[in-house]
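Undergrad: Residues per chain, in single letters:
There are 2 protein chains.
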Amino acid sequence: MTQISNSTNAQTALKRLLKATKSDMEKVNSLILSRAESHVEMVPKLAHYLIESGGKRLRPMLTIASASMFANNDEKSLKNATHFAAAVEFMHNATLLHDDVVDESNMRRGKPAARMIWGNQASVLVGDFLLGQAFLMMVETRDLDALNILSTAATIIAEGEVFQLSKTSDLATTKEEYDLVIKSKTATLFEAATKVGAMAGGATKQQCEALGEYGTELGRAFQLVDDALDYGGLSKSMGKNTGDDLREGKMTLPIIIALQKSSDTEKALIISALGNQDLEVETVEKIMALLAKKDALNETLEEAQTCVNNAKTALKKLPKSEMRDLLADIADFCLLRAN
Amino acid sequence: MTQISNSTNAQTALKRLLKATKSDMEKVNSLILSRAESHVEMVPKLAHYLIESGGKRLRPMLTIASASMFANNDEKSLKNATHFAAAVEFMHNATLLHDDVVDESNMRRGKPAARMIWGNQASVLVGDFLLGQAFLMMVETRDLDALNILSTAATIIAEGEVFQLSKTSDLATTKEEYDLVIKSKTATLFEAATKVGAMAGGATKQQCEALGEYGTELGRAFQLVDDALDYGGLSKSMGKNTGDDLREGKMTLPIIIALQKSSDTEKALIISALGNQDLEVETVEKIMALLAKKDALNETLEEAQTCVNNAKTALKKLPKSEMRDLLADIADFCLLRAN
Numbered sequence: 001m002t003q004i005s006n007s008t009n010a011q012t013a014l015k016r017l018l019k020a021t022k023s024d025m026e027k028v029n030s031l032i033l034s035r036a037e038s039h040v041e042m043v044p045k046l047a048h049y050l051i052e053s054g055g056k057r058l059r060p061m062l063t064i065a066s067a068s069m070f071a072n073n074d075e076k077s078l079k080n081a082t083h084f085a086a087a088v089e090f091m092h093n094a095t096l097l098h099d100d101v102v103d104e105s106n107m108r109r110g111k112p113a114a115r116m117i118w119g120n121q122a123s124v125l126v127g128d129f130l131l132g133q134a135f136l137m138m139v140e141t142r143d144l145d146a147l148n149i150l151s152t153a154a155t156i157i158a159e160g161e162v163f164q165l166s167k168t169s170d171l172a173t174t175k176e177e178y179d180l181v182i183k184s185k186t187a188t189l190f191e192a193a194t195k196v197g198a199m200a201g202g203a204t205k206q207q208c209e210a211l212g213e214y215g216t217e218l219g220r221a222f223q224l225v226d227d228a229l230d231y232g233g234l235s236k237s238m239g240k241n242t243g244d245d246l247r248e249g250k251m252t253l254p255i256i257i258a259l260q261k262s263s264d265t266e267k268a269l270i271i272s273a274l275g276n277q278d279l280e281v282e283t284v285e286k287i288m289a290l291l292a293k294k295d296a297l298n299e300t301l302e303e304a305q306t307c308v309n310n311a312k313t314a315l316k317k318l319p320k321s322e323m324r325d326l327l328a329d330i331a332d333f334c335l336l337r338a339n
Numbered sequence: 001m002t003q004i005s006n007s008t009n010a011q012t013a014l015k016r017l018l019k020a021t022k023s024d025m026e027k028v029n030s031l032i033l034s035r036a037e038s039h040v041e042m043v044p045k046l047a048h049y050l051i052e053s054g055g056k057r058l059r060p061m062l063t064i065a066s067a068s069m070f071a072n073n074d075e076k077s078l079k080n081a082t083h084f085a086a087a088v089e090f091m092h093n094a095t096l097l098h099d100d101v102v103d104e105s106n107m108r109r110g111k112p113a114a115r116m117i118w119g120n121q122a123s124v125l126v127g128d129f130l131l132g133q134a135f136l137m138m139v140e141t142r143d144l145d146a147l148n149i150l151s152t153a154a155t156i157i158a159e160g161e162v163f164q165l166s167k168t169s170d171l172a173t174t175k176e177e178y179d180l181v182i183k184s185k186t187a188t189l190f191e192a193a194t195k196v197g198a199m200a201g202g203a204t205k206q207q208c209e210a211l212g213e214y215g216t217e218l219g220r221a222f223q224l225v226d227d228a229l230d231y232g233g234l235s236k237s238m239g240k241n242t243g244d245d246l247r248e249g250k251m252t253l254p255i256i257i258a259l260q261k262s263s264d265t266e267k268a269l270i271i272s273a274l275g276n277q278d279l280e281v282e283t284v285e286k287i288m289a290l291l292a293k294k295d296a297l298n299e300t301l302e303e304a305q306t307c308v309n310n311a312k313t314a315l316k317k318l319p320k321s322e323m324r325d326l327l328a329d330i331a332d333f334c335l336l337r338a339n
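Chains as they are written, first to last, in our numbering: chain P, 1 to 339; chain G, 1 to 339.
Careful, some of the hints might be misleading.
Each pair may be met inside one copy or between any two copies, as identical chains are not told apart.
Straight-line alpha carbon distances no greater than 27 Å define the calculated BS3-like cross-link-like pairs of lysine-lysine that follow [stated by the list, open to error]: (1) K183 to K45; (2) K167 to K45; (3) K175 to K45; (4) K286 to K320; (5) K294 to K316; (6) K111 to K293; (7) K286 to K316; (8) K22 to K294.
It should be emphasised that the hints constitute simulated quantities derived from the structure, not laboratory data. This structure is a prediction, so every number in the text was calculated from the model and none was measured.
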């Protein structure tokens, strides 16, 4: 893990992806801003607040990057890639708005969540608006196969979120169930983002599948790292949001692993903390120590490493190119965040 | 008004529409049930609870009825009409789930709202799931023009709901703004339902527009009657949910009309009640008396009557048929509910 983390290629990957997709992403960004417009003042206000809150826009960049790997560079191809990228970002933003309501989150990207300013009601409805606009942008491409992929993704994401909700504080949650949750709620959109990008670029069916596989594995790695970071990651240091998953009773891999290896007394500690909104810092620290003792974060990140390896293997099915190498570095970059 | 209400044709209209669309609606209903399935138990449980809670399924029936008015009766046409009808109902159900969360409603169709049983979180997410499934069903028809209409509708509905939210307890709300709210949040889906039905049936562009116009006017009438019923309608009698709009601070036409004609003392009474969640029955009764004094419910229902007339005028652009007459009766039936 540490070897990869120190690789210069991984460290500079995001910067290089930003540079490589810059001119197309400018088109995506203006499309995003124009489609968040409305005669109803609250819609662009809330949408812009979220859109401009400093997300990396990794998903739309992946769409643009995937499209750029193939021969088609005509106007139609660029229009489709731009529309898919903006649609993917809107789907992501709609999910964030609804998630913050569902999780009762107060903060998002270091700022108050939109619901803290405009309320839960507006967050639900503006999320619906963005979802509608996402579909509208897809329809404008007139690409029915891509529409099928993206609307299937919307369904699977929501289904995954309900599955996660139904497993709240459920001690019997298995690693397989956890994997189904993260595949559905996170990896599905990464998969759709890369796949429809490849389609816009004119890739063959096999190439689209390969990029879709890359997206799936990248998405899984991304969520695994996120879930490790919720307990401080490898640095094991306490941040503002450390333990949020614990408070929400989210059965993520670190907790599942720890439970499997715990004595009854240790289990009782986890049980007392799961879903406890008023959790004290001391208890979070105790759980973090337990996770360290049980090697739970390391094992979670090893799983993420496996996903990263799978992602890079999938890329090998594609013709060699600079962008292919960059996407491999992006997979490594994903793990960097764990430190 | 009273004359029309007593017309036998209007009284039997819904029953006759149910009969006329029965065999196709059976297909729609099984499609609805099959698309509410999921490996996540909570999804079909919550969805079936809402789906089977005794809604009239007026919107999907309008889609089927509209399709049946035209020549195409082939397999493709029937498949499309069925898919559009189910998609329209899912869009409606998703809106209901989200609305109940937004309005903090405890009851829906005389039963506890889904959110009271499964929580706000599940209601938001299952709503998203149904919306995703709705789009998926539309995509399966491969009809891009219909997809455009339905995804535009999804956007406008959400936008209308945000507009309504932003006008909560806003005394300066105009009749025009109210009309924009009800056109967006209610009439848009009625319009889409009839229009895509006509498209599935193979109607000409003009015929699709005429049925869309019928849908718009029917939807406006429907919402106006709903808003009058919230204050007891013509019977002016108090029911379980009477005054809910008042408690939620919804600026509906009866209140807008009353405000325009009120003295400062009367205005003060309305202001004290708007958005007051703990409103006492006595205050609701006082407001109902004020609405009667100001003729506000009658004027609201006159506006609904105008919409019904417009709806029937739009139908005249279509070839004469039994279904055309039945749809005209359905418009009259809409007003019957006000008594």
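Undergrad: Would you mind marking each hint as holding or not holding in the structure?
TA: These are the hints, each one checked on the structure:
no., hint, result
1, K183 to K45, "between (32 Å within a copy, 23 Å between copies)"
2, K167 to K45, "between (34 Å within a copy, 15 Å between copies)"
3, K175 to K45, "between (40 Å within a copy, 25 Å between copies)"
4, K286 to K320, "neither (48 Å within a copy, 77 Å between copies)"
5, K294 to K316, "neither (35 Å within a copy, 76 Å between copies)"
6, K111 to K293, "neither (33 Å within a copy, 50 Å between copies)"
7, K286 to K316, "neither (43 Å within a copy, 75 Å between copies)"
8, K22 to K294, "neither (43 Å within a copy, 61 Å between copies)"
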